[in-house]
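Following the hints, position chain B against chain A.
Going down the list, the protein sequences come from chains A and B. First residue of the first sequence: 8, per the working numbering; consecutive thereafter. First residue of the second sequence: 126, per the working numbering; consecutive thereafter.
Bear in mind the hints are in silico, worked out from the structure with no lab data behind them. Mixed in with the good hints, there may be bad ones.
With a straight-line Cα cutoff of 20 Å, these simulated PhoX-like cross-link-like pairs (lysine-lysine) come out [stated by the list, open to error]:
#, chain 1, residue 1, chain 2, residue 2
1, B, Lys203, B, Lys149
2, A, Lys49, A, Lys8
3, B, Lys193, B, Lys203
4, B, Lys193, A, Lys49
5, B, Lys149, A, Lys115
6, B, Lys193, B, Lys149
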Amino acid sequence: KQEVTQIPAALSVPEGENLVLNCSFTDSAIYNLQWFRQDPGKGLTSLLLIQSSQREQTSGRLNASLDKSSGRSTLYIAASQPGDSATYLCAVNNNDMRFGAGTRLTVKP
Amino acid sequence: DAGVIQSPRHEVTEMGQEVTLRCKPISGHDYLFWYRQTMMRGLELLIYFNNNVPIDDSGMPEDRFSAKMPNASFSTLKIQPSEPRDSAVYFCASSLSEYEQYFGPGTRLTVT
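Chain A extracted, bound-state conformation (with noise of 0.2 Å):
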């Protein structure tokens, strides 16, 4: 059974910081893995997708790598704003979606 763990559960950083979250996976025959934020009272937002065969993906001050033979993800967040503030989690797709608990990011101004 696929396990998903988010490291560290909570963060908060000054404004301007580069950070990185951590996502790891016990089951490294995925087809996918997506990782999203989560606002309050709002649905997921999708942030990258990275398939199976790609290493990392890019979308503006984001980039998520994906190793898949170490079981290990992370999104980095380049030059944080106080407007990235929210719940970060990570979804593994291997026929069966599981998320990550998430990492709760506060960026303080």
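Chain B alone, transformed into the frame defined by chain A:
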């Protein structure tokens, strides 16, 4: 609680037909979400409701898609007319305010 219930679990239909997907959220939850999952695009939010009222439907791909929530215990997602590119797994999820979303098992839709 039985969790989020979706029906049918599988649906195969021909292009041009109307498709209706159903969802029963967890009792007491005030948010309901509809998502679509494809291999190419992953999981995408289509629409969500709060207290039976649609809040954001910007993810609904076209006018062929519509969703309703007539009461707190039932929601439908309708596609009319269906097209082959609508083939995907459609998930319903519910949550209590801003807490964790609980997903249903999904409906696998195939449009031929």
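We went through each hint and held it up to the structure:
| no. | hint | in the structure |
| --- | --- | --- |
| 1 | Lys203/B / Lys149/B | holds, 15 Å |
| 2 | Lys49/A / Lys8/A | violated, 29 Å |
| 3 | Lys193/B / Lys203/B | holds, 8 Å |
| 4 | Lys193/B / Lys49/A | holds, 17 Å |
| 5 | Lys149/B / Lys115/A | violated, 39 Å |
| 6 | Lys193/B / Lys149/B | holds, 12 Å |
Violation of the numbered hints given earlier is confined to hints 2, 5; the remaining hints are satisfied by the structure.
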